[in-house]
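Enquirer: First to last, the protein sequences are chains A and B.
Using this note's numbering, read the first sequence as starting at 373 and increasing by one per residue.
Using this note's numbering, read the second sequence as starting at 10 and increasing by one per residue.
It is worth saying that the hints were derived from the structure and are not from the lab.
One or more hints might be untrue.
What the hints assert, rightly or not - So these bits of chain B aren't anywhere near chain A, every CB distance computed over 12 Å:
no.	residue
1	I16
2	I108
3	I114
4	L121
5	H122
6	F134
7	G136
8	S141
9	A179
10	C183
11	L192
12	I195
13	G247
Said to hold, decoys possible - Here's a subset of chain A near chain B, in silico, CB distances under 10 Å, partners left out:
no.	residue
14	L395
15	V421
16	W444
17	S462
18	D463
19	M464
20	N469
21	H476
22	M533
23	A536
Beta carbons: idealized from backbone N, C-alpha and C, even for Gly.
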Amino acid sequence: MLLQVKNLQCGYGALEVVHGVSLHVCTGEIVGLLGANGAGKSSLLKAMVGLLTPWHGRIWINSRLSGWAPAWRSVSNSVVLVPEGRQIFSDMTVRENLIMGGYHNPDRKSDIDIILDRFPKLRERIGQVAGTLSGGEQQMLALGRALMARPKLLLLDEPSMGLAPLMVEEVFAEILKLRDAGVTILLVEQNATATLQIADRAYVMETGRIILEGEAADLLQNPEVKRAYLGKSYKEVWE
Amino acid sequence: MGSEILILQYLLSGITKGSIYAMVAIGFNLIFSATGVLNFAQGEFVMLGGMIAVTLSFYFPLPVAVAGAVVIVACIGCLLELLFFRPLRHHSILHMIIITIGLSIVIQEAALHIWDEKVRSLPYFTGNEISSVKIYGAAISPQVLWVLGTITVSVILLHIFLRYTLQGRAMRACSSNPEAAMLAGINISNMRTLAFGLSAALGALGGCVISPITMTQYEAGAPLAIKGFAAAILGGLGNPMAAVAGGLLIGIIEAFSVSKLPAAYNDVSAFAILLLVLFIRPHGLFGSPSGQGVREF
Ligand SMILES: Nc1ncnc2c1ncn2[C@@H]1O[C@H](COP(=O)(O)OP(=O)(O)O)[C@@H](O)[C@H]1O
Ligand SMILES: [Mg+2]
Numbered sequence: 373m374l375l376q377v378k379n380l381q382c383g384y385g386a387l388e389v390v391h392g393v394s395l396h397v398c399t400g401e402i403v404g405l406l407g408a409n410g411a412g413k414s415s416l417l418k419a420m421v422g423l424l425t426p427w428h429g430r431i432w433i434n435s436r437l438s439g440w441a442p443a444w445r446s447v448s449n450s451v452v453l454v455p456e457g458r459q460i461f462s463d464m465t466v467r468e469n470l471i472m473g474g475y476h477n478p479d480r481k482s483d484i485d486i487i488l489d490r491f492p493k494l495r496e497r498i499g500q501v502a503g504t505l506s507g508g509e510q511q512m513l514a515l516g517r518a519l520m521a522r523p524k525l526l527l528l529d530e531p532s533m534g535l536a537p538l539m540v541e542e543v544f545a546e547i548l549k550l551r552d553a554g555v556t557i558l559l560v561e562q563n564a565t566a567t568l569q570i571a572d573r574a575y576v577m578e579t580g581r582i583i584l585e586g587e588a589a590d591l592l593q594n595p596e597v598k599r600a601y602l603g604k605s606y607k608e609v610w611e
Numbered sequence: 010m011g012s013e014i015l016i017l018q019y020l021l022s023g024i025t026k027g028s029i030y031a032m033v034a035i036g037f038n039l040i041f042s043a044t045g046v047l048n049f050a051q052g053e054f055v056m057l058g059g060m061i062a063v064t065l066s067f068y069f070p071l072p073v074a075v076a077g078a079v080v081i082v083a084c085i086g087c088l089l090e091l092l093f094f095r096p097l098r099h100h101s102i103l104h105m106i107i108i109t110i111g112l113s114i115v116i117q118e119a120a121l122h123i124w125d126e127k128v129r130s131l132p133y134f135t136g137n138e139i140s141s142v143k144i145y146g147a148a149i150s151p152q153v154l155w156v157l158g159t160i161t162v163s164v165i166l167l168h169i170f171l172r173y174t175l176q177g178r179a180m181r182a183c184s185s186n187p188e189a190a191m192l193a194g195i196n197i198s199n200m201r202t203l204a205f206g207l208s209a210a211l212g213a214l215g216g217c218v219i220s221p222i223t224m225t226q227y228e229a230g231a232p233l234a235i236k237g238f239a240a241a242i243l244g245g246l247g248n249p250m251a252a253v254a255g256g257l258l259i260g261i262i263e264a265f266s267v268s269k270l271p272a273a274y275n276d277v278s279a280f281a282i283l284l285l286v287l288f289i290r291p292h293g294l295f296g297s298p299s300g301q302g303v304r305e306f
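Excised from the complex, chain A in its bound form:
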């Protein structure tokens, strides 16, 4: 098991927003984490990489109990978070963004080429200031930057947020390719249909708790999931 989380609680100030969540991700899987806005998905991911200090509970990465280390250490555990809203270094060039992603990677020079082969659009824009890229290109850059650290586990926080339907498809196709390249993925999304179509398993989160979990194919048929998360609009987007 690559990642195991047991009874994790965390929050901001005195406000607890994740109330004891347990989940696991096995090597080679794509695991979806669904839920409405404010369910606590992002907070959970932040706690996994140390951006947020967990109040209670345990996290194992590669079967090793992870102490509460600062966020900049998570990269050395081969866990990399692509945060919500992409968070690229908008006043630095595309190349510099990629270099920063490989800050701890001694082979960063040659890895940049591999990333640029994967995202040819980034190659065209290599010297451009990242803030001037389109939303889709920025998402690819955020993915590329994360890959520069050679992660074993990639935590993706709403990679399709704010993208045009065509771009959304491209991002999901890219995620599938990454899995085939051997990266394990925990995918947080509001786009439930698309997520359940590419995921192996998924969890559904509501107000800080996991309320459903199972095989993605089963959840796709689950009446409760259908009613709450597979609204018509999502279907239209995907089909």
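For this one, chain A is given, so just place chain B with the ligands on it according to the hints.
Expert: Positioned in the frame of chain A, the structure of chain B with the ligands alone reads:
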């Protein structure tokens, strides 16, 4: 003919003073972009640089004394960050600024104890008080060339560091997006310490080269902090070249106002121009209106 030479003379003296303001302004920028703090103890680095170099010059040759002073002040800068700013990070920016003012007073008092009130200065790096170089008929001290050369080289080196080295880029990444920088594995606390150290080193170096011209005293830092701050704001916070331009501009305005106005108006004219510019361009001469620009550099 004579008036042209006079103008050139004023211009050069303005540029010399302005170079030091520029050095302080760059330090302001470095610390501000890395930590969000406006460090009003910045001028003390200049004073400490000069004072320590003078003391060291009694025991060592001049280049060693200057290098030693720069290294010692850089360490002091790092130490300040470690002792005060790192533990207090979660306080408001206003608190942090007040802390820097407090630190500046403490450093002055300490300097008064160590070096008393006497005005000191380093020897001229080459030549002496009366040697001069003629440029288009204007006589300037070779030390002025030292000041200009040192500042030009420092600005270029700093630029190369920030643009083309891994750690320099990491420092920019920290100011561009601290959270994302952390996620990339950059230890942003250490980057902040480095920013303080670099900024202190730059200030100290400025303090050493200017010392033969302006002399150094325990109180010399505070006015420099104010002028340097004005230069940084005038140029637009967030851009080193803008800080240099802001510094030179304030130096030149000052030099010319001395020639036209009573000495008492010396500081007033520079600040009047600063206020005027801010009134017309709130983001400084070269700053961009988006908040983004503030975090550049
Ligand atoms: N920085 C923050 N400070 C205080 N509360 C926050 C912060 N970020 C998120 N929250 C709150 O935590 C809850 C969960 O937010 P989040 O983890 O972002 O949910 P999701 O990613 O599922 O939309 C929300 O109620 C939100 O208002
Ligand atoms: Mg979220």
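Enquirer: Does each hint hold? Answer for all of them.
Expert: Do the hints match the structure? See the list:
| no. | hint | in the structure |
| --- | --- | --- |
| 1 | I16 | holds, 39 Å |
| 2 | I108 | holds, 23 Å |
| 3 | I114 | holds, 33 Å |
| 4 | L121 | holds, 40 Å |
| 5 | H122 | holds, 39 Å |
| 6 | F134 | holds, 37 Å |
| 7 | G136 | holds, 44 Å |
| 8 | S141 | holds, 44 Å |
| 9 | A179 | violated, 6 Å |
| 10 | C183 | violated, 9 Å |
| 11 | L192 | violated, 5 Å |
| 12 | I195 | violated, 6 Å |
| 13 | G247 | violated, 9 Å |
| 14 | L395 | violated, 20 Å |
| 15 | V421 | holds, 7 Å |
| 16 | W444 | holds, 5 Å |
| 17 | S462 | holds, 7 Å |
| 18 | D463 | holds, 5 Å |
| 19 | M464 | holds, 6 Å |
| 20 | N469 | holds, 8 Å |
| 21 | H476 | holds, 5 Å |
| 22 | M533 | violated, 16 Å |
| 23 | A536 | violated, 24 Å |
Hints 9, 10, 11, 12, 13, 14, 22, 23 from the list above are not met by this structure, while the remaining hints are.
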